[in-house]
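Modelling step: build the complete structure from the supplied sequences, incorporating the hints.
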Amino acid sequence: MSDTSETSVAVGPSADGALRGQLKRLRQGDKGLLPILLGLIVLVIYFQIRNSVFLSSGNLTNLFVQATIFILLAMAEIWLLLLGEIDLSVGFVSALGATTAVILLDNQFHWPWFAALPLAILVTTTIGTLQGFIIIKLRLPSFIVTLAGLLGWEGVLIFFVDRQGTGGTIPVQEKVLYDLVNANLSPLWTWIFVLACLAVLIYLIVRRDQSRRTSGLDSVPHFVTIAKAVSLIVAGLVLVMIFNRNRGTFIVLEGMPYAIPVDIAMLAAGSFILTRTRVGRYIYAIGGNSEAARRAGVNVNRYRLLAFVFTGFTAGVAGLIYASRLGGISDNVDPNLVLLAVASAVIGGTSLFGGRGKMIHAVIGGLVIATIYNGMALISMSAATQYIATALVLLVAVAMDAVARRGSSPSR
Amino acid sequence: MTTTPESTSSFTPPNGVSVSGDSGVAPSTLLSLRGITKSFGAVEALKHVDLDIPAGQVTALIGDNGAGKSTLIKAIAGIYAPTSGDIFWEGRKVTLHTPRDAENLGIATVYQDLALCDNLDIVQNMYLGHEESRHFTLDEIKMELNTKRVLSELSVSTVQSVRQLVGSLSGGQRQAIAVARAVMHESKLVIMDEPTAALGVSQTAQVLDLIKRLASRGIAVLVISHNLVDVFEVADRIAVMYLGTLVSSGPAANYDTSSAVEIITTGGSRSDVAASAK
Chain H
1 MSDTSETSVA VGPSADGALR GQLKRLRQGD KGLLPILLGL IVLVIYFQIR NSVFLSSGNL
61 TNLFVQATIF ILLAMAEIWL LLLGEIDLSV GFVSALGATT AVILLDNQFH WPWFAALPLA
121 ILVTTTIGTL QGFIIIKLRL PSFIVTLAGL LGWEGVLIFF VDRQGTGGTI PVQEKVLYDL
181 VNANLSPLWT WIFVLACLAV LIYLIVRRDQ SRRTSGLDSV PHFVTIAKAV SLIVAGLVLV
241 MIFNRNRGTF IVLEGMPYAI PVDIAMLAAG SFILTRTRVG RYIYAIGGNS EAARRAGVNV
301 NRYRLLAFVF TGFTAGVAGL IYASRLGGIS DNVDPNLVLL AVASAVIGGT SLFGGRGKMI
361 HAVIGGLVIA TIYNGMALIS MSAATQYIAT ALVLLVAVAM DAVARRGSSP SR
Chain U
1 MTTTPESTSS FTPPNGVSVS GDSGVAPSTL LSLRGITKSF GAVEALKHVD LDIPAGQVTA
61 LIGDNGAGKS TLIKAIAGIY APTSGDIFWE GRKVTLHTPR DAENLGIATV YQDLALCDNL
121 DIVQNMYLGH EESRHFTLDE IKMELNTKRV LSELSVSTVQ SVRQLVGSLS GGQRQAIAVA
181 RAVMHESKLV IMDEPTAALG VSQTAQVLDL IKRLASRGIA VLVISHNLVD VFEVADRIAV
241 MYLGTLVSSG PAANYDTSSA VEIITTGGSR SDVAASAK
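For the protein sequence lines, the chains are H and U, in the order given.
If you read the first sequence in my numbering, its first letter stands for residue 1, the second for the next number, and so on.
If you read the second sequence in my numbering, its first letter stands for residue 1, the second for the next number, and so on.
Calculated directly from the structure, the hints in this document are not laboratory data.
Be a bit skeptical, because a hint or two may be false.
[Claimed, not checked] Here are some, though not all, of the chain H residues that point toward chain U, as calculated from beta-carbon distances under 10 Å:
(1) S215
(2) F272
(3) T277
This structure is a prediction, so every number in the text was calculated from the model and none was measured.
By construction, the Cβ of each residue, glycine as well, lies at the ideal position given by its N, Cα and C atoms.
Spelled out as structure tokens, the structure:
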């Protein structure tokens, strides 16, 4: 970076400055969602050409539900990836939480759902906290501690599932947990939910731009705000069209699966904490330069531990969705879940090196992974091809991450 | 010296230019160190250091590698507690156990390796650890406005946008942000460790300008530097350390490059210094 590239603008409001700031951020590796969204569209077009069922309402709804588990586990990972940490145990921890719920809800214990589901989340939150505590207090690498967790919690899971004596699988027999993935909002409520979400989002965007403008700060031109709002509305309407079309063959099957609002709630809560609160600010700061955060007076270990707590909590929610989707929990949980979760986060744009990432990355990345799995199954590709294709997508995402990271500090 | 601690009279500076021998101007002393000693086991990194840092002036701390400069500023910044000796802040005896203690008094340290987060923007870095919030959420507007105000007060005009990531800034700009951060928190003493190391010519000039502006705002600045050209450019006062001892201190006008080099390298015997410093 040479001195000649520095110009003396920017003290004073200018749309130009704001746009230039955005461009600069783009170049620094905050590549935004555009490239990955384009990639997703290419995938969608490819699968649609190969099999016209792909874009049917039934398949897309299925795809969204498939994506939910990747999305939630990726959100769990993002809390730690932002710190430059990782949790390899998240798949089994979430399954263990789900097991807790399923066992407590079954015919033997008869717990009500409003006690069993929170307890399941409490279990995973406690496990997350415990692992975080060990990592922080003993100054161990999270990679190793959660690798131990990966093995250990699978053992605990097998122990509890097999103890039920139901042949290695405990079915979900309780309605609320079952309905989480397998039942839908009515078309009317789908409309209400989507419109409410749009209203809140657009209100927040407009209010933010407005207050920046009235304070005399750099703000984006009006047309950018309007374009954002319009594209959000279009996306919302497309979602309603997908979910509200009757996708049943013999019975009427329509509306948004309950799992989708769960995703959106977790996305909203996570994004709020990360962007609007001190907690989020410090998580980014620690991930970027933990020594700088410490010198600025941030209690680094407190916020690191908090991230582990959030990871555990999110894993608990993911586990409930997982059990609901499978209709039960077995002692044979897919060990690839955690890798796909990390892959989703990184494909979405979150860095493995810490300090860079957003909750929305989990959604985009989870959709990409689900699209690959769903589409490949539709065009009857072999499992071998599916694995290899996912691996290639992950490799490309990680390579982009590393390149972006190198580009992010030109002054060093 | 209105706020001179009572103990001053019992001490005379070990060597060299006497404090009381300052040319007429006696600015109010902000920070006084008396008999500061710091041992790491058997090693005495600081030996009985006495130093006065006046407000509104730039004090340069010079010395060879291992002379104890960094240990001394760490004692002032609350990172190392001195083994013995007293620290007086505005005439009042204080103890600094943690960096927070120093910060609460108004002592800000701008570190050599620049304690900034590359992944955060300028506003976020300026407010790190001191965020303004409203209704439980961060008040970005207020923070951004204040950041702009402080940067323009310090005439830091080379950044394009205060929402730019710090990772994209040049070394001089980063240094400026780190300094502006100290100013924004209304620090009274800003300690800078090698502020111009690794900077280009024009960026060095910008940072030196910034240091002078800090002093003209009434802030005391303590600069560690190896670069004597820079030191003579900005310093009002000079203090020289040699093997853990403060061997000489006084107004910058009493020194020139050759006398400073001599004291740095040899520790300068009393007569040599007196002779060369005049």
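So which hints don't hold here, by number, going up? none
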